[in-house]
Every structure is written in C-alpha cells, then in structure tokens.
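Novice: Protein chains in written order, with the numbering used here: chain P, 8 to 231; chain D, 342 to 659.
Source of the hints: derived by calculation from the structure; they are not laboratory data.
These numbers come from a predicted model, not from an experiment.
Mixed in with the good hints there might be a few duds.
Unchecked claim - Calculated lysine-lysine pairs in the DSS-like style (CA-CA distance at most 30 Å, straight line):
# : chain 1 : residue 1 : chain 2 : residue 2
1 : D       : K554      : D       : K564
2 : D       : K530      : P       : K38
3 : P       : K117      : P       : K217
4 : P       : K110      : D       : K564
5 : D       : K554      : P       : K156
6 : D       : K577      : P       : K164
7 : P       : K77       : D       : K564
8 : D       : K564      : P       : K167
9 : P       : K76       : D       : K577
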Amino acid sequence: MIKNILNLGDAALYCDFGSDVNQEINSNVIKYFYHIKKLNLKGITNLTPSYNKLIISYDLNIHSFLSLKKKIENIEIKENNKLEKNLIEIPVCCDKNFALDIKRVENKLKLKSEIILEKFFSKNYFCYMTGFVAGMPFLGDLNQEMRLKRLETPRVKVPKGSVGITEQFCNIYTFETPGGWNILGNTPQNIFDTSNQSNPNLVNPGDTIKFYRITLDQYNEIKR
Amino acid sequence: MKSKDRNYFKILRAGINTTYQDLGRNNLYHIGIPFSGAMDKRNFQLLNSLLQNDYNSPVIEFAYQGPHLKYFGKDIFFCISGNVSFKIITKEGVTDGNSYQCYLLKNGDEVDIQSTNKSVYGYLSINGTFSVDYYWGSCSINTQAQIGPNNGNKFSKDLEIEIIDINNSFNKRKLDYLGSTIENIRVIKGTNYDYFSESSQNKFFKESFKITKLSDRMGMRLKGPKIENIVDPNIKSEGLVKGVIQITSAGDPIIMLSDHGTIGGYPKIATVISADFDRLVQLTPGSNIKFKNVSLEDAETLYKLYQMETDNLISQIK
Numbered sequence: 008m009i010k011n012i013l014n015l016g017d018a019a020l021y022c023d024f025g026s027d028v029n030q031e032i033n034s035n036v037i038k039y040f041y042h043i044k045k046l047n048l049k050g051i052t053n054l055t056p057s058y059n060k061l062i063i064s065y066d067l068n069i070h071s072f073l074s075l076k077k078k079i080e081n082i083e084i085k086e087n088n089k090l091e092k093n094l095i096e097i098p099v100c101c102d103k104n105f106a107l108d109i110k111r112v113e114n115k116l117k118l119k120s121e122i123i124l125e126k127f128f129s130k131n132y133f134c135y136m137t138g139f140v141a142g143m144p145f146l147g148d149l150n151q152e153m154r155l156k157r158l159e160t161p162r163v164k165v166p167k168g169s170v171g172i173t174e175q176f177c178n179i180y181t182f183e184t185p186g187g188w189n190i191l192g193n194t195p196q197n198i199f200d201t202s203n204q205s206n207p208n209l210v211n212p213g214d215t216i217k218f219y220r221i222t223l224d225q226y227n228e229i230k231r
Numbered sequence: 342m343k344s345k346d347r348n349y350f351k352i353l354r355a356g357i358n359t360t361y362q363d364l365g366r367n368n369l370y371h372i373g374i375p376f377s378g379a380m381d382k383r384n385f386q387l388l389n390s391l392l393q394n395d396y397n398s399p400v401i402e403f404a405y406q407g408p409h410l411k412y413f414g415k416d417i418f419f420c421i422s423g424n425v426s427f428k429i430i431t432k433e434g435v436t437d438g439n440s441y442q443c444y445l446l447k448n449g450d451e452v453d454i455q456s457t458n459k460s461v462y463g464y465l466s467i468n469g470t471f472s473v474d475y476y477w478g479s480c481s482i483n484t485q486a487q488i489g490p491n492n493g494n495k496f497s498k499d500l501e502i503e504i505i506d507i508n509n510s511f512n513k514r515k516l517d518y519l520g521s522t523i524e525n526i527r528v529i530k531g532t533n534y535d536y537f538s539e540s541s542q543n544k545f546f547k548e549s550f551k552i553t554k555l556s557d558r559m560g561m562r563l564k565g566p567k568i569e570n571i572v573d574p575n576i577k578s579e580g581l582v583k584g585v586i587q588i589t590s591a592g593d594p595i596i597m598l599s600d601h602g603t604i605g606g607y608p609k610i611a612t613v614i615s616a617d618f619d620r621l622v623q624l625t626p627g628s629n630i631k632f633k634n635v636s637l638e639d640a641e642t643l644y645k646l647y648q649m650e651t652d653n654l655i656s657q658i659k
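So that you can see chain P by itself, here it is in the shape it has in the complex (with noise of 0.2 Å):
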C-alpha cells in the first residue's frame, strides 16, 4: 500500500501512499501507522500519519535511511485495526470578533457571509488526522463552491479556539499558535486535555464532527 518511501531530512522516511486525499488512502495510512506503533521498534522516535504521507523519525545513532527503509518496505499488514468512530458535536460562535477571515472568504468564495456559514454547518466532517499543534484535528471535506486556499502570510498568531478553512478541510486551533487557515468562527470547547495523557485528544483520526452555531451570549455562557 506504500506507493513510494524517500527521505525527509537524514532521519526520517518519508512513506507516500498516494497523490489523492481521500478517506480509503487515510485508512492504510492509519493502518500502518497503528501496526508500525504495535511494533515498538527500537530507535523509531516519532511516526506522524496524514492524509496520504507516514513519516517515520528514527535515532541516528540506531538506524540509516537505508537500513530502516528495507525494514519498513518488508513489513505486512495483515490485520484491519478497526478504528473507533464516534461522533462528536462542537459548538462555534460566528462573531465578527471571531470570524477573522470571513471578508477575504467572502471576497475569494463570491459568497455571502451568510451562505457561507450556512454551507459550513449543514455537513459532518470526517476528521483524518490530528497534529500541527497538540490536538489539532484535520477535518474534511469541505463542499467544492466552499474551497479557497491559505492566507498568502500565514498569522503570527490565530486565538485558541478558531475554526479555519483551507481547501476541502476545516479543523480548530486547540492553542494560540501561527497559522494560515481562513477563520470562520471559534469554539469555547476544550479540545485538548494536557491533564488525560492517556488520551488528550477530544477528536481523533476516524471519528465524525458535527459544528453547531452558538450565539456570543451562549459562547460567554460555555466559556464561564
């Protein structure tokens, strides 16, 4: 199922399961990435699936690119690791205090705001991966006439809690950090849980999203 493995840098592979992003290509790459983790492998320092990409960090010291690509590439996958779907609903608030990008969606979309957030909350997002910052989940897809690209100069910093759109996706800032997602909207819904490090992530890879809009007085009423 891995199309093509190359190197990122000197210490990680760089596994391609295709050009597409689509939920069966994130499911074999969710599947490897579980059966790899199983493993346990000595010197496999970090495993980041997305979309279609594995990147397997290794220690230098254990592993060469070499080496580790044969091991990677003989591997079988045998069993389904079902994935445990649930379906979560997430509140978000559409102030203009929040929806910090709704102009330039606006402007690039030829849509009113209106449309726009009614076309954003009429669908459930299938969310295909967690990262960029801690929690941060990947959510698709996005209907054809809702896709834009990123911001030319991504923020310096998006609030916690933003819901952004770029392309077919649309996730949610857990944390106040850089960024170049059009944002819709924040949520005072707490994603990521620093305190549960069994599982930290209220949205993982597989499960569904529901948004749902909330008026300012509801978002202050959550917030309290």
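Guided by the hints, dock chain D onto chain P, whose structure is given.
Specialist: Showing chain D alone in chain P's frame:
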C-alpha cells in the same frame, strides 16, 4: 519539608524565555506534540556531564537574557554551558563567571545571567536534580502547547526552583571549550524541491538569508531572495520534522525547530542535516546564513562525526 531543609533558587528576574528542558518527548507527533527538549543538545549534554548528572537530567534553558537567581540551602555547585556572560554575587563581592566551569554557591549567593554572547541559548544546572513533574516522559516545557512543569509556562519572577538529590561527593570539574560555529548550514534537498523555479533553486544555495526576529523555539523565519513556486504554493498537509525548511506562499523560508508544529502545508525545499541543528539554533536574528547542499550519505557521516566530537569534548572534562 521543613523550610530549613529546602534547597532552592528563588527567581529575582526570570529572563526572556527561561524553561526546564531535557532531551524531550518521543512518539507523540501523531497527536500534535513535538519533541521539544534542549535546543542545543551538545551544550545540554556537556552540562550534565560536567555536573556528573544523569544524561537526561533536567536543566534550565535560557535565551538572550537569562535569569537572576538567589540560592537558599546547603552548599551546592552550579555550572553554565553556552557562550554566556554571568556574575556570581556572594558576601565577598561580585565576580564574573566562565562557562563550562563549576562554582560553589552558599546560602544567600546569587547568579545573575546577563546575556548569551553572539548566540541564543545557554544552560544552567547544579550537582543535583531540579524537582520537576514529568509529562509524557519529559520535563521539557513547551510554552506554545502549555505542556510541562510550571503549567507549561516559562519561568516568572518569584518562582522557587526546588533542588533535590544533591550529589555530596561531587568535585569541581571544568572543560576548555570555546563553542563551535559554522559558516554554512548544510541541507538535504526536500521532497518538494521541484516545486521551485530553477533560478530560485540556484538562489537558495547561492545567496544568503537573514534570520528575522520572528524566530523562537518553534521556528526560524528568514528573509532573502523570494523563492518562486511554479507548481502550487500549498501541499496537502503532512508531517514535519525538525530542520525542515518550508517556503511560505509569500516565498520566504521557515525552518522548523524543536517546538515546531507537527504538520504543515507549505512545500519543503530542503531539510537541515542533524549535525548542524545545535549550531543553527544558536544563530541570532539579524545574522545571515547560506545553505549548502549535501547528500544523505554525507549527512549520516557528518552526524556521526559531530557525535564523536561531542564525545571527545566530554572525555576532556576534568
């Protein structure tokens, strides 16, 4: 614990970005948590070796201006690594300290770390252990994700830093070391190298880039010739590793450092080799860097040589 039995530093001034660091946390990229850990691994290793501490003992990392600490407790030794100016304030007077040397601290003595010189990061530790909590196997503070001791925040004034397990059989040790600098940052071509025009590929390796002030433990933003993307300014978001150089839509390079985001959507033009991380992170905003292309095989060899050099330095401690 009775207060007279305590050994601790009280922070009189916190400094710009002072945190606990160790070697960091592994195998959490998939939930979005980066390695973190000491930015300059060699200086981290040298410090724990000088103090005969466990190789992964917590140390205090500071950037630019360091903390001003007042010590309370029984006699203890401290040591600083990096290119650092600091003063030791005792009842006898004020003396300038040298990095890579151990100094005695008595109850009421102070250490004032004024600055790192022509570098960014420095480290302080003691012949004992800082009493810290561990999060996912590491005490490294990641301020961006608020993970680690002190609620994941950098140190602030009046914080008290508890010291336990003082090694009473410790003898002062030192190392003659002036630090290591580098002219070019060596890189391996990235997985999206062919996203960029040939003239931009040439510029990337021929011209120099200035490190901007928007540089921290997460990453380093550079300014220089615009790197022209001829394919797509975005890729499908995918994993990142330390040292990856992404080109933003505006054509500027960003180098991922220890607290970097684990996933990114800008094309990767190159990745800094592991052997050059410690020297890369010590480059100050305003300085210029040039990139040099090396092969994967060379990078693997250069890393081994760099590690041998570190081991050699450790063997010179006496």
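Novice: What are the numbers of the hints the structure violates, in ascending order?
Specialist: 7
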